[in-house]
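Novice: Turn these sequences into a full structure, and let the hints guide you.
Chains A and B are the protein sequences, given in the same order. Take the numbering used here: the last position of the first sequence gets the number 1087, and nothing is skipped along the way. Take the numbering used here: the last position of the second sequence gets the number 302, and nothing is skipped along the way.
Treat the hints as calculated values from the structure; they're not laboratory data. For glycine and all other residues, C-beta sits at the position ideal for the given N, C-alpha and C. Do not take every clue at face value.
[Claimed, not checked] Capping the alpha-carbon separation at 30 Å, the derived lysine-lysine pairs in DSSO-like fashion look like this: (1) B:LYS193 / A:LYS794; (2) B:LYS36 / A:LYS1026; (3) A:LYS967 / B:LYS193; (4) A:LYS967 / B:LYS121; (5) A:LYS967 / B:LYS234; (6) A:LYS793 / A:LYS813; (7) B:LYS221 / A:LYS849; (8) A:LYS990 / A:LYS1072; (9) A:LYS793 / B:LYS121; (10) A:LYS967 / B:LYS82; (11) B:LYS82 / A:LYS656.
[Said to hold, decoys possible] Covered stretches of chain B (chain A as the covering partner; in silico rule of three or more C-beta atoms under 8 Å from a C-beta of chain A): (12) 39-49; (13) 55-69; (14) 86-92; (15) 106-114; (16) 209-218; (17) 275-288.
[Said to hold, decoys possible] These stretches of chain A come out as covered by chain B in the derived footprint (C-beta under 8 Å, 3 or more residues): (18) 783-794; (19) 972-984; (20) 989-995.
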Amino acid sequence: MKTTAFLAWITLSAAAFGWTEHFTFENIATPPGMDPQVGAMDCMPDGRIAVAFHRGEVMFLNPTDNSWKLFATGLQEPLGMLVEADGSVLVMQRAELTRLKDTDGDGSADEYETVFDDFGMSGNYHEFAYGPARDTEGNLFIVLGVASNGAPMAPEIRGEFSEIGQVDFKGMITRETWGKNKNTAGRMYARVKWRGWVLKISPDGKKMEPYASGFRSPNGIGFDAKGRLLITDNQGDWRPTSPLYDVRRGGFYGHPASLVWKEGWNGGDPRLMDVGKLDAMQVPAAGFFPQGELANSPTWPVIIPAKGFPEGMAGQTVIGEMNQPNLVRVLDDEVGGVFQTALIPMFDGSPLGIGNNRMVFGNDGAMYVGKTALSWAGGKGITRIKWNGKEFLSLEKIKALPKGFALRFSQPLDSSTIKTLAVKRHTYQYHQAYGAPKKNEELLVVAGATLSEDGMTITLDVEALAERYLHLIDMTGLLSKKGEKILGSKAWYHVVKAPK
Amino acid sequence: MKQISLTFAAAFSVAAAAPDGKQLFTTNCSACHMLDQMVVGPSLVEMRSLYNGKPDDFVNWSIAPQKKRPSVIDMPSMVHVGEEGLRAIYAHVMQVSKGVTAKKQEKGDPYAAAPTHLARPQVMRIFMPDAGPASIAVALDDINSLCWDAGACRLRYAWTGGFIDGFPYWQGNGSSLAKVLGTVKYTEQASPFGKDAAVKFLGYKVKGGLPVFRYKAGEKMVTESYSPVSGGMGFVRSFSVVTTAPLVLDFPDQSGVSVTADKGKLAGGKFTLTPAEAAAFTLTYSLK
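Specialist: What follows is the structure in structure tokens.
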């Protein structure tokens, strides 16, 4: 009896400090009769929300009355969108990057211009295409997913076939013998061009530079507020858990299938290479989403704008997630020129739910979340999230220190609660197998936690930070001076470079 | 307050406790298995009907899954979870699925009547049978449809009857092709510009719902547009080719179709046009 009453009390107090006290979550009615799975979103210059659906429609949502207007139809699996200043819309679909133009001014697209399609298609279902992200010079970046051995290639492919691999072309296209060949084809494969690569395309679409390699299922690409090209990828083979990358020119980001398309590649089937060699080649992840705890299939990055959400979050990146009922907020840090991040759940325990594939902020400062499933676990439709202006306790900044972390919060803390902070860490084994359990997990002894004079910064003293370890800072026990719990109570900081 | 601190302290310890089936399920299984409906793999309710009282079978399957359902993607091995972990997952699955009934699976396409699907004419990019992966399905009207390949920049085939059933593709993640609803009446074996012409697709315009494809074949700029033969079976194919030399195109004779041209000379499988004629000419395909 006593226990029950106690648990009920805990539940109530948690609810009273939840996200719903500060944000509203509203489901927007999608066009009647249409498949409401969302593949891409952006905001039009006039404030309408452009949405691309799974079955190829591009529609504009008027946020003032929630009405819809059809703009384009017939696209295949649009998974990225970028609205241009003149109102034309760039859409990445399976086969190409397309510019949708309304040349006669009747409100719907009459021209579907191929901006870039110079990459291979094997016909395999898993070859999704993502982007574009635009840099300050107008260059467009796209990233191409690799094929899955859940199915063979189609008998007819687009572009060149790479002979590098244990299974020849005939073996790669034959359904009848696929059960045997799939084991040596690679869990994910890149036998057609530029699969697993980021491509940089000139503003006119005429020039392309293979920019970076090593991607698997990179369902998120975008520039952050500081101009870094962020790409998320999904846990799987060669991905112990889902990573976040700060992508630079020429980098290799861990999944080897793409290497067959590296200029002058003579390393043979990259899948059979020495793992240590591959590990030395790869650029470490700027962040890790621990599988099952924070995100299993992270999605698109978006930047929190100056108005609409709490001021301390402006300029920060938020990333969607398919399998856990939350989004993920990115806290930046830089050590010796290396960008590394702490990742924090956002809207966990709210009515948001799963399937959070795409997000965009409207001119009104509201966040629109578009959901999909594509037959995996997920959701459908659009949720609009608005902040009601009521402040709350959250972690705003994090800085790695030689022996711990400095944590900056949005509100003054109850100093008696800072001793509840706990720090754990673990690392991952990089290998060909699908996913990896945590390795070398350990609880760190908190030697000290001191609060700044304004009550908003904690200096957490543990021990020397370990490179390539994911450090969990558990803030669940923190209370603000007003007695409110923290929203987003766990931060996972991936230490790529430890400060000396 | 004091009690809360104690609770948290307990949560923080990393004792080597028994594996947490729920947590392991979330980490390893939840992307593909939901409680009461099939997604990528069977629901937990179905797993219960298959494995209740048979933990060993569950563990063995999870370690070495086989192909059981022809239209379903193979499950990867969960050997990395370990037997103890798999048993914990088993216990979790059996517990949460107890007394739950599966959601009725909708049969057929729930969005078949979407206005964008019913629109005629229409242009739809989707994986098509007997064509390259960058293909485009075009409904010219209620009877006539065709498949145009944006990779090879050429007409692949035309059919009469209905348009396509895209549900096999749309219900999943693209692992199945769309189905042609009707009878293929005409198949084109190669591009009229020659089998080996280097092509580059430039996109299409939509006029009254009908496509005007633009591409380069060798050095020639081509537009190719389609409209239905009014009231009949067939299609009208209009070209505009920019060229300074006479144009000779391949149009091998085929049974089942009769082709007439408004310009040029169509004979012996070759179609010859002057540069002026090539700037705008039309071929009418009557299908039987």
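Novice: Indicate, hint by hint, whether the structure satisfies it.
Specialist: Verification of the supplied hints:
1. B:LYS193 / A:LYS794: 36 Å, violated
2. B:LYS36 / A:LYS1026: 20 Å, holds
3. A:LYS967 / B:LYS193: Since the Cα atoms of LYS967 of chain A and LYS193 of chain B sit roughly 25 Å apart, the hinted pair holds (cutoff 30 Å).
4. A:LYS967 / B:LYS121: Roughly 19 Å between the alpha carbons, so the hint for LYS967 of chain A and LYS121 of chain B holds.
5. A:LYS967 / B:LYS234: 45 Å, violated
6. A:LYS793 / A:LYS813: Holds: LYS793 of chain A and LYS813 of chain A sit about 27 Å apart, inside 30 Å.
7. B:LYS221 / A:LYS849: Given that 30 Å is the threshold and the Cα spacing comes to 42 Å, the pair is violated.
8. A:LYS990 / A:LYS1072: 26 Å, holds
9. A:LYS793 / B:LYS121: With Cα atoms ~46 Å apart, LYS793 of chain A and LYS121 of chain B exceed 30 Å; violated.
10. A:LYS967 / B:LYS82: 29 Å, holds
11. B:LYS82 / A:LYS656: 44 Å, violated
12. 39-49: Contact hint for the region 39-49 of chain B vs chain A: holds, 8 residues under 8 Å.
13. 55-69: violated (count 0)
14. 86-92: Check passed, 4 qualifying residues.
15. 106-114: violated (count 0)
16. 209-218: n = 4 at 8 Å, threshold three: holds.
17. 275-288: violated (count 0)
18. 783-794: Our answer is that it is violated, as 0 residues pass the Cβ test (under 8 Å) against chain B, missing three.
19. 972-984: violated (count 0)
20. 989-995: violated (count 0)
Of the numbered hints given earlier, the model fails hints 1, 5, 7, 9, 11, 13, 15, 17, 18, 19, 20; all others are met.
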